[in-house]
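Visitor: Residue numbers (my numbering), protein chains in the order written: chain A, 81 to 744; chain B, 2 to 111; chain C, 228 to 430.
Cross-link-like lysine-lysine pairs, in silico, DSBU-like; alpha carbons within 30 Å at most:
1) Lys652(A) x Lys293(A)
2) Lys128(A) x Lys594(A)
3) Lys293(A) x Lys82(B)
4) Lys400(C) x Lys82(B)
5) Lys118(A) x Lys599(A)
6) Lys599(A) x Lys621(A)
7) Lys520(A) x Lys377(A)
8) Lys319(C) x Lys392(C)
9) Lys520(A) x Lys594(A)
10) Lys78(B) x Lys400(C)
11) Lys523(A) x Lys376(A)
12) Lys128(A) x Lys523(A)
13) Lys78(B) x Lys319(C)
14) Lys82(B) x Lys319(C)
15) Lys670(A) x Lys118(A)
Derived from the structure by calculation, the hints contain no laboratory data.
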Amino acid sequence: MAIIEQPVTTGGIALAAPVTPTKAQGGFRRPVSTTGWKSWLFTVDHKKLGIMYGVMAMFFFLLGGIEAVMIRMQLAAPNGKVLSASVYNQMFTMHATTMVFLFVMPMAAAFANYFVPLQIGARDVAFPRMNAFGFWCILGGGIFINLSWFLGGAADGGWFMYAPNSGPIFSPSHGIDFWTLGLQIAGIASLTGAINLIVTVLNMRAPGMSLMKMPVFTWLTLVVQFLLLFAVPVITVALFLLSFQRNFGATFFDVSAGADPLLWQHLFWIFGHPEVYILILPSFGIISEVLPVFAKKPLFGYPFVVFSGAAIGFVGWGVWAHHMFASGLGPVSVAVFSISTMAIAIPTGVKIVNWTLTLWGGKLRFTAAMHFAIGLIVLFTIGGLSGVTHSVAPSDTQQTDTYYIVAHFHYVLFGGAVFGLFSGFYYWWPKMFGKTLNEKLGKVNFWFMVIGMNMTFGPMHILGLQGQPRRMYQWTEARAGEGFFNLAFWNRIASIGSLVLSFGILLFLINVVKTSRSKERAPLDPWDARTLEWMTSSPPKEHNFDVIPTVHHLDEFFHRKYEQDPVTHEYKQIATAEEILADQEAHADKHIHMPSPSYWPIVLAASLPVIMIGVIYSIPVAILGGIFTVLAMFGWALEPSTAPESDFDPPASGESTKELAPLV
Amino acid sequence: MTVATETHSEHDHSHDDHAEHGMSNAGYIRVAIILAAMTALEVSTYYVDFGAFFLPVLLTLMCLKFFIVVSYFMHLKFDNKLFSFCFYAGLFLAVMVYCIALATFKFFAA
Amino acid sequence: MSDVAVHEADHGTHGHITSTGLSNNKVAMWLFLGSECLLFGGLISTYMLYRGRVSIGPRPGHVFDIPFTSVSSFVLLMSSLTMVLAVSAAQKRDDRGTTLWLTVTALLGATFVGGQVYEFTAMYNEGLGFTTSLFGSSFFTLTGFHGVHVTVGIIMLMSLVGIIKRSDIPGDKAEVVELIGLYWHFVDVIWIIIFTLVYLIPA
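Isolated chain A (complex conformation) (with noise of 0.2 Å):
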């Protein structure tokens, strides 16, 4: 596992030699299991983690998006009955949550995990085990937060859980400390994440990658994970005063005792506006890299898509009370935010130019990945172009708390941020699986997805201009007005298109089901691609290249494959990936040292939940976990991350290959 040999005769196949870690500080062997489960649980590999990062976030999606319809299911009639006023409650702040933290974050997280790595040559991450760390923490802290539907009811304040409304006397139940403790968990994996990929990118570059010629993608991952790693830890201390609210007695957010309850809705927005770009820019990364491959041209103004990508994450920092335009901020930081927000819109536009640029005058081809990479374009724009009507202070007054709201941010991220995801799909598929998935149903999906879309959330402009507040659980056929925008008719009309939606979704889980049982494998190039990640066989090995590539362009791939003519400036093809995969594997590294499996990240992660449980219930539990925790630390801290030679196994059958020490 951890160590691999390439055989000393070429033209063979490369057989892995199975090592074997025999100790470790502490006591344990290391976990050595290459197939199985195991190989999964106590994996430190960066793509195996993308793809169970990636897995858990398509369940969470799908509960999402099942909490979703039972909300429009809800508002489907007059004086809907098919949940009670509590649980839509629930229902509305649970599927935010899960949207956001378990499904956009993570699904990034996947794609940031499996594909940065490769598009900057290393062979892994930074940290391998904080890596593994992170995805357990997620994991813990999503099933943490959706337990609490089984133990008296899930968290009902909303996703931005204004006091009052996360008090104690407006929520009795255990859901806000279920929600409050499980973010806490959640808010560990982004952090630990964050610095584990700022120092991937900053540090594992391959020879030759200066900054400027890293694919777009990687360049937005790291601007996200800067933006997180500066945003969690504030929304970690308003939690904190939370759970101390509500646990401990204290009063942070309690006017009776004096409080301002402002200072949540300021906490949790200085994390809460960094936390849209956090969700939208992956995606914008994602279509960058697929509309330069499918219109066969490079991206147009790469350093202007980088610099606006950083300078989106900076003025994110100065626009979050745009968000609390309608509290009584004042006439000067009204001013000032709706300045800020305005100009956000710039960096934004530049993008929106530059990929619209791209498309011109290229040789386009009209797959499913550049479907959705198109439809984000479109989708996006209307969302920007409402966004902005929201940073005028005056109409932003009326727009508050309205559907309105609620159709600018399932524009920007429905139509960005998960259609940016689902050309990932499309695009990536056959790297990470060595299939590619069934075009024609891919372009199905995206027009069940596209109208399905247009058909929930356009008509919630005019719910929302029309009045109807955002949260409400039913309306009256008394209350709902006449002529063409009358709320019965759009809420119909709302509540069918998120059924079309949810079919467009169900045809991409067809698809996957599909693929997989296909045998028709994949081409090495099918797109013919730009970036690293395509020039190693699909799926990558364990140790992604068989020789680091040196660095020399930006897309560097692309130009392995063709060559300029110097009189007629045309681009031809000097080589296919086939032929330049088969070089590196002659010229392979003959001793390659990989990070070798931990059972450690998952026992510290999963003593995290045993901590908040112990919050909520009794603290002598919480303490039990914070023993854990600590001597799990201590099992981490005492572990190489990399076993060291010496510490393997001489081969049984004693083959020549095996024998480490000749070649050190």
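Since chain A is already given, all that's left is putting chains B and C on it; use the hints.
Guide: The following block gives chains B and C in isolation, referenced to the frame of chain A:
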């Protein structure tokens, strides 16, 4: 994020960056004495009336002590600029967002 | 955080040089400290907003014992000096000096935490509990978080002394001393801010 790390990319700092930066032990002790003296000055504001200078003196001393420890004890002055970027980016954002947030509560108005 | 990273050292420096030439662990530690700025910033802001909000119980000026806290602040400040001497010794591969200064640092830190426990007890006896007023809640939250950071630092320092004494544990120990040193100094500079803003400047 735009710190140009590639300029000193390949070999410059590889292994010997521990030993070179930093100061002698005597230098550290001098810094500590300065810090102690500044702390004494800070505490003296509790006993002596500084009048209008009270707040500016205390805040200046606080900032000076902060940057002395960060620059000399934590070596940021001698170390790679990337470390300064990582830390000061966080510090700058923290000061910015929290001061703005407090300003909306009219904290600085009084 | 950083005792978790003791042996990640292998990965960063073992065999190959990083793109920036900087150690993975050290970049990670500085990123973590940058992140911590926003954590303590939030706690300090909460305190600043709430320090005057007292409906029952003592006000800030009544419970603070400035001479006592000045002494314990001075102790923590001096622990930064001993920490930097430990780092200096570690870089000279002077194991005896390193363990000596690490132990002294941990003892100074423990003195500080002991002082904080005494201070909290005294305040409690004067009628300021965690839930007495917003001032009490935000004060104990802020200083409590800082105290937990110091305590974690002490545990890491003592573990490090143990690790250095056992020669069979691989890894670049001088770097680990430096990393824990960074954490320790950071906790110290946070106290420099807390001491001024919370204790010396009256509400």
